[in-house]
Structures are given as structure tokens and as C-alpha cells.
Amino acid sequence: MREHTVLRVVVKLLIAPILIFALYVQFHGDYSPGGGFQAGVIFAAAIILYALIFGLAEARRAVPPGVLRVIGALGVLLYAGTGVYAMLSGGNFLDYDYLAHDAVHGQHYGLLLVEFGVGLTVSSVITSVFYVFAGRGRRREQS
Amino acid sequence: MFLAAIIGVAVTMLLILIRALLGPSAYDRILALNLFGTKTVLFVSVLGFLNGRPEFLDLGLVYALINFTGTIAVLKFMQYGDLGWDEASKDKPDV
Amino acid sequence: MRYLLGLIVGLAALWLLLSGHYSPLFYAFGTGSCLLTAWICWRMRIVDNETVPLHLLAHAPVYIAWLGWEIAKSNGDVARRILSPGRSISPTMTTRRVGPATDLGRTIYANSVTLTPGTVTVGLRDGLAEVHALTDANARDIEEGDMDRRVQAFERRGGVRDDHSHDGG
Amino acid sequence: MTALIDMASWVLLAGGAVFSVIGGIGILRMPDFYTRMHAASITDTAGMALMLAGLMLQAGLTLVTAKLVFIMVFLIITSPTATHALARAALHDGVRPQLDHDRRRHTEIEP
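Chains as they are written, first to last, in numbering that gives the first Met the number 0: chain A, 0 to 142; chain B, 0 to 94; chain C, 0 to 168; chain D, 0 to 110.
Simulated from the structure, these hints should not be mistaken for lab results. Careful, some of the hints might be misleading.
[As the list claims (entries may be wrong)] Selected chain C positions facing chain D (Cβ under 10 Å, derived; list incomplete):
(1) Ser73
(2) Ser89
(3) Ala109
(4) Ser111
(5) Leu114
(6) Thr115
(7) Gly117
(8) Thr118
(9) Thr120
(10) Asp135
(11) Asn137
(12) Glu142
[To be verified] What follows is a list of derived Cβ distance ranges for each label pair:
(13) C:Trp41 x B:Leu49: 40 to 50 Å
(14) C:Asp76 x B:Gly51: 31 to 41 Å
(15) C:Gly85 x D:His100: 12 to 22 Å
(16) A:Val131 x D:Met0: 52 to 62 Å
This one's a predicted model, so the numbers in the text were calculated from it and none came from an experiment. All residues carry an ideal CB built from backbone N, CA and C; glycine is no exception.
Only chain A is shown next, with the shape it has when bound in the complex (with noise of 0.2 Å):
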């Protein structure tokens, strides 16, 4: 939809204040409702206009599926290396109290790197099955 002048100059305008609400969103999960969950879906939502404006291919360039799947996958280790440590630490899995000195901190260093690890995985993972959904189209089928 290139072609489009109004979509592309606003979707262009639109991009970067969408990215820094995602991460806003990100590191303040503590504060205002929101989250690793919420703010990977926003960053995906970017993405994803980029894509539909764009196109598939240069989405794919500007954000590789590769790439996609190596942020996916450290997510999920952030997460669980979070809970291990928390476990070398001697408490359970995810107990924040053991990350830190003190149980406050640690509450809030827990909180960010497990939200952070969500948000990388989330982000990933839905610009991931866009990309799979957008290239399965009518047109492609027929060509």
C-alpha cells in the first residue's frame, strides 16, 4: 500500500512514538497497568504497520525472522534464568526476595528482568506468526 500517499506519510510519522510507548510501557509496568506482555504487543503493532504499508519483504529486512527467533528464544532464557538464579540464590524458582541484598530490591529487579524477558519473547513471537499468516495470502496461492 506504498502507493497510498496519507497511509505511508502518517504510518511513517506514527512508527517511532509507537516503539517508545511500547518500551514507556516496558519499564513501567510497576507503576501504571501494563507490562512485558502488553508493551510486546505494541512493538509487534509497529512492526506489523511497517509490514502491511511496506510490505513483507521489506519488513523482513529491516527485521529479520532470524533475528526474530534468537530475541524469542532469550526471552524465555531470561525468564527462566531469572527463576534459577533465584534458586541458587536459596529460595524457590522466580523468589524475587533472593535476588538482591533485600527483598525490596530484589522484588523490583525480579519484576523488571522477568517482564523483560515476556516482552522480548511476546514481540517476537507475534511479529514471528505475522510474518508466517501475511505470506500465506490469496495472491500468493494464485501466482
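Fit chains B, C and D to the supplied structure of chain A, relying on the hints for placement.
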């Protein structure tokens, strides 16, 4: 006074919903749904103030964003039958 | 490069407005977020004078104030037509050659027309806008092109190089 | 002073609610798709702007107001874009408008 505003928005949403159900064309329904989305943003914002929790504004913003993306996606799918389609690169092989 | 810097500054301002938490940890998050966003935009190849319209910033308030007044006037008009019993509309379609030559200017024009109740841009191709108007009078306003001239002036006054051109009004 | 601001904010909120209901009525009453879009733009401009302005007066000069401005700018940019894309797609798809006058120059633009 927030309650009056909320009731106004709710009545509007009801009217829009009737239009979405009546149709008659698919474009009428998409128009109604898009409007329903922007009314939801207002609804959530005012509701946040009514409950004394202005953090709800973040949710409103998320809703506005998803609503816009969704409308564009539905329109593109109706027009091309393909979400990843790009006219400029139709000659190139797919990655 | 100018646009990339502008983008980062704009994003930082946006972050500070959104965040509301001013501690070293959140400054670090903010810096990282701005740089990540700018990098992704760079990869998407969308960092240019359309994404970062620096040249329009100075004159935006004047145009926005004028547009707001226009919107207020036509809101009242259309609201009256909706509430008045019987048929008080005369739907009209018309075309107008759009003054602004850039895509950004054309987009501002098309969206201003759509934002004003009573007129909707239904097509924009090769500098020709197709407009659906609720009444004949609304269509005449479009054909006269007051808004067109305003957008043109808005864009030209904001423009850096082109200041020897004559006034369109 | 506070009472005055409260009053102004109440007027704005009520005005926003009234305009959005009028737009809702218009969406039901208007005869075809293209005229309904004009009714829709009433709720999207007057209804939205007045209501958010009312909330801004309530919030005062805080970051909440900044967020409200952000929502307002976002809606002001996206809602006409979505309407325009919708109208363009409908015309492209062959949804004919009921017109009293048609002053399009068909030689220059294809519907």
C-alpha cells in the same frame, strides 16, 4: 459529572453498535467498528478519572493504537486478500 | 543525520513526558529506549523529512489554531443538519488540484479536509484530490480552496530555502 | 478559582457527550455510507476534543495532561487517516455514493 460524560459515550457506543449490526455494506460495519474503538478510548479515559486512576490513560492509548492498526489491516485484507502484499516489489521473489 | 538527531531529541522529550519517574535507572532505560527506537527506524529507512518534519514546527501553532476554528464552525453546521427534521443535505462530489507539491503537504491537506466535518477526501492521486461533501456549500468551499492556500502557506513559510515565491492568497 | 475550573470542565465534558451522541444519531440517520462518514467525524473531532479538554482541566498542569495531549494528537492524526483509507477502499470497491451534484472531472481521475 464524569458519570454524565460516561453515559453520553455509552449511548453513542450503543447507537454505533446498532449501525454495525444493521450494516448494510461491510464498509458501514468497519466504519462503525473504527468509531466504536475511538469511543472506547474516551470511555476508558473518563472511567480512569471517575475511579481516580489516571493510569488508565495508558490503556486508552494502547486501544487507540490497536484500533488503527486493526482497521488498516482489515482494509488491506479486503482490498488485496493478502496482508504482506506490496505492489512495488511484486516482481521480486519472496524471501 | 539532522533528522536522526531530531528524532532522538523528540523521542527523549516524549519519554520524559510519558515516564514521570526521574531516577538514574529510568534515565538509563530512557536512553536505551530512544537509541533502540532510532536504530529500528533507521533500519526501516523512514528517517527523513516526512517522519521528522522539523521545518514545520515553528508555524504549526498558527495552522492548528486556524484548523481548530474551522472544525468548530463546521461541527456546529453538520450537527444542526443531523438534528433538523427532513432532508437538509445535498451530497456532492468534486475534485480539486492540490496546491502543495510534497507528499507531506498533500497529506496535511487531505487529512485537514477529512478532519473537518462535512468534507471527506476519498481519493488523492497525482496531486488531484477527490472530495465528498455533505452539502453543495461545503463542496464550493473546497473548490474555492481557502484551506489549500493555508496549507501551502504553512508549508512554504516553514520551508527554509524557498522564500522568494509570491503569496498564494 | 477551583470552582470556576470545575464548571468549565463540566461544560466541556457535557458538550463532548452531547456532540458524540449527535454524531451517533447521525450515523443511524444518514442515508448512505459516505454521508455517515460525516456524522462519524463529528464524534471524532468535537466529541473527542471537548471531552479530553474537560479531562485536561481536571488534571491541571501535570503529566496526566501531557498524556491526554498525546492521546488527542494520536487520535487527530489517525482518525482522519482511517476514514480516508476506508472511503478510498469503498469507492475503489464500487460502493456508489448517492449524489445531488457530481462535479468530478472524470477525464483526470478514475473512480
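Results of checking the hints against the structure:
Interface hint at Ser73 (chain C): satisfied, since its Cβ lies 9 Å from the closest Cβ of chain D, which is below the 10 Å cut-off. For Ser89 (chain C), the interface hint holds, the least distance from its beta-carbon to any beta-carbon of chain D being 4 Å, beneath 10 Å. Among the interface hints, the one on Ala109 (chain C) holds; its C-beta lies about 6 Å from the nearest C-beta in chain D, closer than the 10 Å criterion. A hinted interface residue such as Ser111 (chain C) counts as satisfied when its beta carbon comes closer than 10 Å to some beta carbon of chain D; here the least separation is about 8 Å, so the hint holds.
Proximity of Leu114 (chain C) to chain D holds as hinted, the smallest CB-CB distance being about 5 Å (cut-off 10 Å). Given hint, Thr115 (chain C) at the interface with chain D, holds; its Cβ is 8 Å from that chain's nearest Cβ, closer than 10 Å. Restraint check, Gly117 (chain C) versus chain D: the minimum CB separation of about 6 Å is within 10 Å; hint holds. Evaluation of the Thr118 (chain C) hint against chain D yields a held restraint, the C-beta minimum of about 8 Å falling below 10 Å.
With a least beta-carbon distance of about 5 Å to chain D, the hint placing Thr120 (chain C) at the interface is held under the 10 Å criterion. Because the beta carbon of Asp135 (chain C) sits about 6 Å from the nearest beta carbon in chain D, less than 10 Å, this interface hint is met. Against a cut-off of 10 Å between C-beta atoms, the interface hint on Asn137 (chain C) holds, since the closest Cβ of chain D lies about 9 Å away. With its C-beta approaching chain D no nearer than about 8 Å, Glu142 (chain C) sits inside the 10 Å limit, and its interface hint holds.
Judged by the Cβ atoms, the range 40 to 50 Å given for Trp41 (chain C) and Leu49 (chain B) holds: they are separated by roughly 42 Å. Under the hint 31 to 41 Å, the C-beta atoms of Asp76 (chain C) and Gly51 (chain B), about 38 Å apart, fit the expected range. Evaluation of the 12 to 22 Å hint for Gly85 (chain C) and His100 (chain D) yields a pass: the beta carbon distance comes to about 19 Å. For the pair Val131 (chain A) and Met0 (chain D), the beta carbons lie near 59 Å from each other, so the given range of 52 to 62 Å is met.
When each numbered hint is compared with the structure, no violation occurs for any of them.
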